[in-house]
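Take the given structure of chain A and dock chain B to it, following the hints.
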Amino acid sequence: DSGVTQTPKHLITATGQRVTLRCSPRSGDLSVYWYQQSLDQGLQFLIQYYNGEERAKGNILERFSAQQFPDLHSELNLSSLELGDSALYFCASSVGTTRNTEAFFGQGTRLTVV
Amino acid sequence: GNSVTQMEGPVTLSEEAFLTINCTYTATGYPSLFWYVQYPGEGLQLLLKATKADDKGSNKGFEATYRKETTSFHLEKGSVQVSDSAVYFCAHGSSNTGKLIFGQGTTLQVKP
Chain A
1 DSGVTQTPKH
11 LITATGQRVT
21 LRCSPRSGDL
31 SVYWYQQSLD
41 QGLQFLIQYY
51 NGEERAKGNI
61 LERFSAQQFP
71 DLHSELNLSS
81 LELGDSALYF
91 CASSVGTTRN
101 TEAFFGQGTR
111 LTVV
Chain B
1 GNSVTQMEGP
11 VTLSEEAFLT
21 INCTYTATGY
31 PSLFWYVQYP
41 GEGLQLLLKA
51 TKADDKGSNK
61 GFEATYRKET
71 TSFHLEKGSV
81 QVSDSAVYFC
91 AHGSSNTGKL
101 IFGQGTTLQV
111 KP
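Chains as they are written, first to last, in my numbering: chain A, 1 to 114; chain B, 1 to 112.
Between beta-carbon pairs, the in silico distance windows are:
#1 B:Gly41 <-> A:Gly42: 13 to 23 Å
#2 A:Asn51 <-> B:Arg67: 32 to 42 Å
#3 B:Glu16 <-> A:Thr15: 45 to 55 Å
#4 B:Lys68 <-> A:Pro8: 40 to 50 Å
In the SDA-like style, the derived pairs of lysine to any residue whose C-alpha atoms are separated by at most 25 Å in a straight line are:
#5 B:Lys52 <-> A:Thr97
#6 B:Lys52 <-> B:Ser95
#7 B:Lys56 <-> A:Val95
#8 B:Lys56 <-> A:Thr98
#9 B:Lys56 <-> A:Thr97
#10 B:Lys68 <-> A:Thr98
#11 B:Lys68 <-> A:Glu102
#12 B:Lys60 <-> A:Ser2
#13 B:Lys60 <-> A:Arg26
#14 A:Lys9 <-> B:Val87
#15 B:Lys60 <-> A:Gln107
#16 A:Lys57 <-> B:Gln45
#17 B:Lys111 <-> B:Leu46
#18 B:Lys68 <-> A:Asn100
#19 B:Lys56 <-> A:Asn100
#20 B:Lys52 <-> A:Gly96
Hints in this document: simulated from the structure, not taken from any laboratory.
Since the model is a prediction, treat every value here as computed from it, not as a measurement.
C-beta atoms are modelled at their ideal positions from N, C-alpha and C, and glycine is treated no differently.
If we strip away everything but chain A, and leave its shape as in the complex, we get:
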């Protein structure tokens, strides 16, 4: 158990809909990362928050947004969903933000858009 909790584990929704994925980081970790794992794109970094503020942005679509709350949990919002958004979405957390930082991953949320 990594200590990172993601909910829900599975989500099935229709095209055009909006969903929210939730992540609770390990106790004491200030940094939260979101990654998308798909068959064609592999594991892609989406966005990072550190202590409530956006720290880095990757290949995140404009239809997607995220935030980190004062209790440090984070939510990833996906809107106007398309079939191609079907993927496994991972949250990770870490104490630091250096290049040496070890990230701890949750078990992921599998999103299926039908």
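Just chain B, lined up with the frame of chain A:
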């Protein structure tokens, strides 16, 4: 730009065989290098890491050496077990954010 390239999978081996999974990277500066493992139905777990040139990371019988001259970080294990069947990801961290750039992943299947 920054990237990581791993050997294509899947890799199928018999138990006790020698494993090598190749990984090369491109990065600015001096990245740290990681191997993560993903067992079926689970999230990624850190397997080992190396933070500077010539460092060797090791864990659970797996090893990888940070080779700056060849920009490589190949994963090796002398004798694989069925329980090593998983997807292995090479990654580097080269920014001041902690974000990781991953390779495509290599699926390893070990048969008894």
